[in-house]
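With the hints in hand, could you dock these two chains into one complex?
Protein chains in written order, with the UniProt record's numbering: chain A, 1 to 230; chain B, 1 to 332.
Where hints are given, some of them may not hold.
What the hints assert, rightly or not - Derived, one-sided and incomplete: chain B residues facing chain A with beta-carbon distance under 7 Å:
1) 81
2) 86
3) 113
4) 117
5) 120
6) 193
Said to hold, decoys possible - Label-pair restraints from in silico Cβ distances:
7) B:15 - A:27: 32 to 42 Å
8) B:242 - A:27: 32 to 42 Å
9) A:197 - B:206: 23 to 33 Å
10) B:288 - A:183: 35 to 45 Å
11) B:9 - A:62: 33 to 43 Å
12) A:47 - B:10: 38 to 48 Å
13) A:61 - B:4: 41 to 51 Å
14) B:180 - A:133: 54 to 64 Å
15) A:66 - B:14: 28 to 38 Å
16) B:125 - A:61: 20 to 30 Å
FYI, nobody ran anything at the bench for these hints, they're computed from the structure.
Note that CB positions come from ideal geometry on N, CA and C, so glycine has one too.
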Amino acid sequence: MSDQPGPKGLSHAAVLDWLTRFAATVRSVEPELTALDQKAGDGDFGANLVTGMDGVRRALEALVASTGNGRRGPDVPLDAAARVFLDDVGGTSGPLFGLLFQELADALGMAADPPGTAALALGTAAGAAAIQRVGEAEVGDKTMVDALVPAARALASCAPTADPAHALHVAAVAAHRGARATTDLRARRGRASYTGDHARGVPDPGALAVALLFASAHAELTSLSRLPVS
Amino acid sequence: MPQYFRDSPESLVPDALAGFAAAHADLVAYHPDHGYFRTRHTAPTRRVGLVSGGGSGHEPLHSGFLGTGMLDAACPGRIFASPHNRQIFEASRAVAGPDGVLHIVKNYTGDRINFGIAAERLAHEGIHCARVLIDDDLATDSDDIAVGRRGTGATLIVEKILGAAADEGRGLEDLAALGTEVTRRSRSLAVASAAHTTPASGAPAFALPDNVLEFGVGIHGERAEGTTPHAPLGKLVETMTDQLLAALPDTAGTRVLALVNGLGSITSLELYGIRHAVAKALDDRGVGLDRSLTGTFVSALDMRGFSLTLFATDAEALRLWDAPARTPAWPL
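In isolation and in its complexed conformation, chain B is listed as follows (with noise of 0.2 Å):
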């Protein structure tokens, strides 16, 4: 069985914390009284702080990306959970600019819940506040779901986009716009071929039979709601494009970037893989890749699997995307 490196459950955590803080000391501060990270160097034409935040697990996600180009402010919270509001509220009057603060926010109950009260609570104290709703998963795409989609690849995207916007001295609505179109345009999906380690327990998630893999997995461990016979890496990856594709808006002569992520235990081997069959699938179908990622970004622990997302693409978020960013986890 699978067993964590780590002292307690408990310890799991905030050990992490103290640990990035220290490894990342001239990028990053910790402030431990109300439990946020914010970034040591912000671009002078900054007029808006942007923060982020979520459950743990998910690293280097959101923490990772603090730094210039990026947020401002990141708010841990237990694995898998959503943080304090008061972690929110704390980060975003730190970091708020001129005009206010963005929050980006992974559509989760708990986290629209949380960053909905730290906002009322800033609009309280006069401090402008927005929000960019990150919905990208198309194994939630349903009318069944009175949620909505779920939050997974697309928030790195609109972090790295939103980051170079902020820079320009862009303001709050202009922001939250450009968020809410790039997530407009971005869709993803997972599949995993073994769930992650449950911290408390040491057991596995779910169990899975061999040969099978889960087809439409979140981020939280949550099971898919189909299963699909563990198929050769190419056949997987071009039924996965065909339903990324399809569900893109305005597709015609799409051009597109693609994320290609770890869940948490992929190895680098196989990511890479994944990315060459993902521009082959590409290109089979006429579609352009302009710009790729591949690494674990968004992880969902020790999961076996990976994530896919796409983002049609244009000009300008392209400048935006190729802008530079210095932060902990950032690797162009």
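So here's chain A without its partners, still in its complex pose (with noise of 0.2 Å):
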């Protein structure tokens, strides 16, 4: 069996290593994001997602140590992340992300064990739909909306039966396009839409952020896909 590919879903572990590469991710493009952030809105972006992904991290540390790795599900990470974001960041783009892991933690407790690239599709599209619920942004409006509805769209329109790596991948490159395509936008939401026309020119952060965030997740998934599975 040393040769196969593992189930098709996602463990614990999986999630728990996503979220540490997404949190290190988001540590080495600081400054970047940062730069970003400066030149359209109002510069914290960077800081308060690094914040937010080191307290998460220190979060999933002492749930390791309190529990160990095993038996788990892949819930409770992403639940733990939701916490820190809703909880402890400020501005309003972090605690955005903390609605969707809070929908993807929901989606992948109640799926049947592992849970699958349908329950991730599920729990995408209800992040997706609370942020834009709470934030009130449409694709277009160049917000984070604007890498994580395509992300959404993409995991829905997967077979619920493919390979959650494969998936993520397919998430991943849409979310980028989306990130990338907010460069010429002029910004309607979000602290960018006070600098009008100096925005024009400068992708939004918050999207990037969400295509790191999938980038992660295909990238763990593929790495673990190649380790043996006993």
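Set out below in structure tokens:
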């Protein structure tokens, strides 16, 4: 069996590693995110995201230390991330990320074991819907929604039985395209909307962060699926 | 240059919250871990918790109106900044009744988003939540302003009327509809002769030439779109009254409630003079003045100005307005 791919589902460990990789990624690109937000927003987005993911990393370490790695659902680390972002992160985009984590945790927690592409699609769509209800942004307003909605659509377009690594690859590509497409837009929501044409030529940092979240997941699952499974 | 009495810019809000909690310990309790106030006394008939909040610097709004007949919880943010969604979420969870919780939200982007995130979290926990959005400011009534009218003085009227209605045991959707209707029938307009002092710098938020009024200011020191020469008070109030009456729905045969509100550093002497001018302007136009309230209720730090709110009343609204309330700042 050692050459067979793992089960087409997300384990607790995979989600733990996904969030850890995302934390490392946002830390390494924080200067770029901050530079973008200084051009078109109020400059605190990168710092808020890094602070949030540092908090998540501490919460995940505590989770692992208290219970070990095994026999826990993949929703547990996402739920921890949701609580950190909703409770402790300032600004508005941080807590909006918290809503996405909360909906992903719900969908993965309620799915059959192990949850796969269908649960990811459900959770991402619910997260996008919650963020749109709260922020009232549509695609094209130059916000995180410009990456999140295409990611949700991409996941929904995959067969429910598709390999989650493949589905997340499709979602990451769609989110990245959506984020790049914000470059030429004039912002209609969020702090950048007050800067008028100054935001033109600058991609939205929130949309880029969403693209990085899915890219981190895809990278993590791809590397995991290469591991021998006993 | 005017200076605030405080230890440091950072201590202004936390010291005030501690002082307010101690001064009114018989009526309100402060929860420092989550940063909200709640009333100590609630009518047993109440089925919906009423939660409001917003930036600090608008005192006595909102904490001053916690108590029987008005709010169950209030979430103070930093100066002129929305409260965090966690404050709103925890306050709502603490005071939710069997029929849920109603958020009374002034129309500003930050408040809408933070109350919205709290509402999503409440829904996630199975707690029913609805919202009344206050958007009464006539100065921001323009198709060019995509975010809509700001919320100002009508907030106090909504908090009073909904408080009385909630005490009658009304349900969530009923209260939300009532609050929306009170807002629909309310308009406000504010003028200032001097800006507020920015707490961090000690400097005025903006400079005004002598003998000029800023006409249509907001409660966060936002400048108005235009200025007007410093006319005699009667003339100024007539202009404001005409604009407000024209903007109210169903003005034919209207009877109104008037809120004459100081924005921070205007004197009672002036406010009662304004009250006198408003009554005369309404009388000259054949509009009945059913009730009025004069004082500083929705302030903008030490802005030197006043707002005028007119609410087109009916018998039901007057009955709820007249119901007793006991809070730190309700004057009747």
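Cross-check of the supplied hints:
no. : hint                      : result
1   : 81                        : 10 Å, violated
2   : 86                        : 5 Å, holds
3   : 113                       : 5 Å, holds
4   : 117                       : 5 Å, holds
5   : 120                       : 5 Å, holds
6   : 193                       : 27 Å, violated
7   : B:15 - A:27: 32 to 42 Å   : 36 Å, holds
8   : B:242 - A:27: 32 to 42 Å  : 59 Å, violated
9   : A:197 - B:206: 23 to 33 Å : 25 Å, holds
10  : B:288 - A:183: 35 to 45 Å : 58 Å, violated
11  : B:9 - A:62: 33 to 43 Å    : 35 Å, holds
12  : A:47 - B:10: 38 to 48 Å   : 19 Å, violated
13  : A:61 - B:4: 41 to 51 Å    : 43 Å, holds
14  : B:180 - A:133: 54 to 64 Å : 18 Å, violated
15  : A:66 - B:14: 28 to 38 Å   : 33 Å, holds
16  : B:125 - A:61: 20 to 30 Å  : 27 Å, holds
When each numbered hint is compared with the structure, violations occur for hints 1, 6, 8, 10, 12, 14.
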